[in-house]
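Since chain A is already given, all that's left is putting chains B, C, D, E and F with the ligands on it; use the hints.
One letter stands for each residue in the lines below.
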Amino acid sequence: METSPAELLLPSLKLMITGMGIVFLFLALLVWIIGLTARLVQSVNPQPNQPRRTGLAVEPDEAELVAVIAAALQRQRRP
Amino acid sequence: METSPAELLLPSLKLMITGMGIVFLFLALLVWIIGLTARLVQSVNPQPNQPRRTGLAVEPDEAELVAVIAAALQRQRRP
Amino acid sequence: METSPAELLLPSLKLMITGMGIVFLFLALLVWIIGLTARLVQSVNPQPNQPRRTGLAVEPDEAELVAVIAAALQRQRRP
Amino acid sequence: MDDLIQLWASTGLSNFQSGQAVMMIVGFGLLYLAIKKEFEPLLLLPIGFGAVLSNIPVAGIAEEGGLLSYLYLGIKSGIFPLLIFMGVGAMTDFGPMLANPKTLLLGAAAQFGIFGTLFGAIALNLLPGINFTFRDAAAIAIIGGADGPTSIYVASKLAPELLGAIAVAAYSYMALVPLIQPPIMRALTTEDERLIEMAQLRHVSRLEKILFPGILLILTAMLLPSAAPLIGMFCLGNLIRECGVVERLSKTAQNELINVVTIFLGLSVGSKLSADQFLRPETLGILALGAVAFSFGTASGVLMAKLMNVISPLNKINPLIGAAGVSAVPMSARVANKVGQESNPHNFLLMHAMGPNVAGVIGSAVAAGVLLALVQ
Amino acid sequence: MDDLIQLWASTGLSNFQSGQAVMMIVGFGLLYLAIKKEFEPLLLLPIGFGAVLSNIPVAGIAEEGGLLSYLYLGIKSGIFPLLIFMGVGAMTDFGPMLANPKTLLLGAAAQFGIFGTLFGAIALNLLPGINFTFRDAAAIAIIGGADGPTSIYVASKLAPELLGAIAVAAYSYMALVPLIQPPIMRALTTEDERLIEMAQLRHVSRLEKILFPGILLILTAMLLPSAAPLIGMFCLGNLIRECGVVERLSKTAQNELINVVTIFLGLSVGSKLSADQFLRPETLGILALGAVAFSFGTASGVLMAKLMNVISPLNKINPLIGAAGVSAVPMSARVANKVGQESNPHNFLLMHAMGPNVAGVIGSAVAAGVLLALVQ
Amino acid sequence: MDDLIQLWASTGLSNFQSGQAVMMIVGFGLLYLAIKKEFEPLLLLPIGFGAVLSNIPVAGIAEEGGLLSYLYLGIKSGIFPLLIFMGVGAMTDFGPMLANPKTLLLGAAAQFGIFGTLFGAIALNLLPGINFTFRDAAAIAIIGGADGPTSIYVASKLAPELLGAIAVAAYSYMALVPLIQPPIMRALTTEDERLIEMAQLRHVSRLEKILFPGILLILTAMLLPSAAPLIGMFCLGNLIRECGVVERLSKTAQNELINVVTIFLGLSVGSKLSADQFLRPETLGILALGAVAFSFGTASGVLMAKLMNVISPLNKINPLIGAAGVSAVPMSARVANKVGQESNPHNFLLMHAMGPNVAGVIGSAVAAGVLLALVQ
Ligand code: NA
Ligand code: NA
Ligand code: NA
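Residue numbers (this note's numbering), protein chains in the order written: chain A, 83 to 161; chain B, 83 to 161; chain C, 83 to 161; chain D, 999 to 1374; chain E, 999 to 1374; chain F, 999 to 1374.
Keep in mind that the hints are not guaranteed to be accurate.
Pairs of lysine to any residue residues, derived as SDA-like cross-links and limited to a Cα-Cα distance of at most 20 Å, are as follows [as the list claims (entries may be wrong)]:
| id | chain 1 | residue 1 | chain 2 | residue 2 |
| --- | --- | --- | --- | --- |
| 1 | F | 1074 | D | 1309 |
| 2 | E | 1035 | A | 102 |
| 3 | D | 1074 | E | 1072 |
| 4 | F | 1100 | B | 121 |
| 5 | F | 1155 | D | 1005 |
| 6 | F | 1336 | F | 1293 |
| 7 | E | 1100 | C | 107 |
| 8 | C | 96 | E | 1064 |
| 9 | D | 1304 | A | 102 |
| 10 | D | 1155 | E | 1064 |
| 11 | D | 1035 | D | 1285 |
| 12 | A | 96 | A | 106 |
| 13 | D | 1100 | D | 1242 |
It is worth saying that the hints were derived from the structure and are not from the lab.
For reference, chain A alone in the conformation it holds in the complex (with noise of 0.2 Å):
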């Protein structure tokens, strides 16, 4: 049973919405319950009492950061 090109081309069509539809339907629930949650810790912990980074995570870790520079320096003082 082959299927010409063009055949396909609304069943492609079909999946493009559908799938955006539920990316979007998913990402919005997800919205939804992460600012529920939110309210809900915040009720039950009203002060944060352990301030943490929010910042961002695209520094690893800590250690591995302070190796690197290490390293870098090493590095460069070498003759």
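Relative to the frame of chain A, chains B, C, D, E and F with the ligands by itself:
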């Protein structure tokens, strides 16, 4: 088809000669290509801009050492 | 060949006695051999020339930390 | 004499096929990109080397019984990409996303790169010489997710014979993000929009961070179980990171484990770069579609941000961070930051862009789940 | 419309079986215990997560071809528990035990927890709804060894279908040692006994420590070869640690290798937590028997210490350290120390309790060998 | 009573075969050499331990289904030796060799240790009780390469039943280099020759170092593809080291990965030390031939250096560094340095000897390729 021990002597002699020949040929070719590459590289970058150790690689890595110490100190510093 | 629950009670009692017997025998034998070894070792090396911690190996991390630093220093000290 | 003939017959020179020679050059080209241009070197270096190794004649390193054939089992079974995903999870901080959850919608919009490309791949079939099945098209489209392990995982399930080209395209375009994205971002935004400053992110408590992987996993289990292996391992890595009680597992997942698997994964992907699978018109199609996918994803992320500003004009977001929705962590977030600073050097968007950036990872895993569920 | 139906049919919601939902809750419960209560988090976190993953409907992560089915091969072949045991050996200092070898007898006595429980499990068969075979009973009894990898190794050989429940019980009770043991210890000892101070341990030479794993292995080879895989790998780890010439192997065995295997082992164990194998009356029996096993082991360790004091009244040992004979390293040694300090804050029993503690590890491996040899 | 008989029948004592006892002693002997004499402890310790474990009666640790039978698959497939070779590549600095490429010829000459031994092994067949096939002889000869992973790789392909003896001989003689080489070096050189000082090595640019693994791989692919797996993985490791863009992979390849594989490889090799394969006259032949191989290699390296001095008398090389051509990195380079300093304590040959030393690694991999290509 049993082969007597003596019958294998000649082929092993031949293999010895062929083998040593190939090893020499291969490494001699490598000597030549390395020389060629070195000249080529030096004609492109006439000044070695980044002096690095030409030393031996026996001791694994100095950078690693520094990294290890730094990581250790880092860990100790944590409360 | 179904065995009723009660029929298994006797074999399990036997296994309990045999098992505890073997465990005791094995570890008692080990007590004896350890003592023998200790005497043998002390007759060979009468003075403990290298006092090491007999302490606990509980915290893996701290020991590791010390080991890491020591190894690093050790490596650095090498000519 | 006999020996010499046997020897000559055993050399590579007497057995080289032109396709193998070309593929070795392709492999060295990837090594060049990885080392000299620093194109995602962690992956492209082993991939390029794997391509070279597997195209050495006679040696049969990628054939049955060769080293790379054994390593490839780690891809076929899904183990390697899933372990990488666990490691990525252990390196990801969801803080910026949890602080501003609506950035998740930017990560959703950018997945149009995937589905638009799927349509494009099918449309390419109208060209002569190109013949993608539905499964092929879905596997190619996932490049638009800008996520390496997801691409490899999906391609290994839907179109293993295209795996090499797809992985190469995915990682190459991820490396090209700083070239592909800025023009699109500038074209779709006004100077005023690029100057928008965003409010500082709120503090996210440790408890929220611990709960998030569980919530995400439950949602996936209920709605899209086909995405559960990917998202599950990602959540496991993130939970190991955030829970704070298994530091030694976290360290290993982020370092040694992911490094070992990266080497093996790269070599295995490279073993799929054989002449008969790569030197085909379809590969050109894949490369072209990959560029389209990234452009579509970038554009829809930016446009979504603009739409959100129209809908809720009070709490405006800088549309540049929409481009970070394609994932490509952390490259595309850095690009958003850099383009923003061209307009105002004191506008730090990096942290804000990390939200859509990690949302893009989730978004593309969800899209992967959709493809795996609906494409047979 | 068709697509939507197909999609709905592919969701977890439309496929959830009640058993799966319950098991996911069990998995999250284990995660809670691991993270919030810090119950052996290194193992219970991956076990709990594995339980959640393997009960996601449709995804089939624990079924043939799924990630966890591949990882489980590491348990089935015995590789994972044996590698963990090697790592534990590399982390163990036998010094305190070698300094005072008669504490080995405390480690022997505590194994009554194993054999008494075996009898108990068979006796439970008299209850309706519970039906343990001899193999099942032996696998359950090993929980009394208070040693995770030993329990998993024995259970995978004798009763793989009970593996999940057994591993969960073993690690949970190990975490509960600080709750289970003290009342028993207090009930069986007088204040005077708890106040006994012990002589400082003699110095143990490096040579003795190097010789010990060899001696233990020879004894095992001659008397109880069925325990040789477990004790052998344990001795290998310890020799790597003590010999002083392969520091890099020692470091890797204690860190990266054991960490990687711990993640894989935990996930694999979790994959055995399926509804049909876990949600049965037998599981309640296993949990009840586990508590009994720990109590029996604790009691017999303490009573053995008291008996030894009667036999050799000159060189008395504090009977509290008998409780450390159950192994559960180093938790039960800490418990012995803590209960001792309730009576006299200046009495440091920790080092003395490490002797029976590591002896307990050997004792339970020996007991495992007995079960593997005699139970068919 | 029945139980006791069953128990006795399950002990090692009632099942010990004399061969197993002897092999356990052999295993402990290797452990002694590894720990006390520091003979290549990283390998000989796990090998010795593996020998002990696999000769424990009843336990069947090296038999089908036992731990070591699974680990052995890593040798059978070639994965373990190739990963070790990758790690060795990542630890190797080709700088000294690239600075003075003619030292490669010393590394070539020293491979006469391999081919001379092959002839010797065949000649040994003239003795009664010894019966080596051509494949056996080739596998034994590779000991002369003084390279552990290469020996194991070749032996696993050509003569797996001799693997244990060959690996033990290879690593033992590598450890004995400081005893075997100096007398030969002194006998073949004059005091004047030993006093030769060599010019300081030129600086080698980073680019040259990056290009070298690629060049070596291309040459191998064209001329000797049968050596491509070995040399390829070696080059991969070296490229990872030198390229400078994948530090984290380099660190893992040099540390955790090679450490884990070393433990597994050693145990697997040890599992081949069974009585019926080791306690044969052939083993004595292998041990004798191994010593011959090392001596031949050392002598031809030194003689080649002298020949080169005759041919180009202007830029003389110290013939002592010819002995380093056997590889055995870095032991034989250190030996060359030490013997040189006996004549002149201010003559530092170490760096100069590293050239032939790493050339020897390449040379023996090339020789391995020749054997794999020509011996069927
Ligand atoms: Na994405
Ligand atoms: Na125990
Ligand atoms: Na060599």
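Hint-by-hint comparison with the structure:
no.	hint	verdict
1	1074(F) x 1309(D)	violated, 64 Å
2	1035(E) x 102(A)	violated, 41 Å
3	1074(D) x 1072(E)	holds, 18 Å
4	1100(F) x 121(B)	holds, 15 Å
5	1155(F) x 1005(D)	holds, 19 Å
6	1336(F) x 1293(F)	holds, 18 Å
7	1100(E) x 107(C)	holds, 13 Å
8	96(C) x 1064(E)	violated, 43 Å
9	1304(D) x 102(A)	holds, 18 Å
10	1155(D) x 1064(E)	holds, 12 Å
11	1035(D) x 1285(D)	holds, 18 Å
12	96(A) x 106(A)	holds, 15 Å
13	1100(D) x 1242(D)	violated, 27 Å
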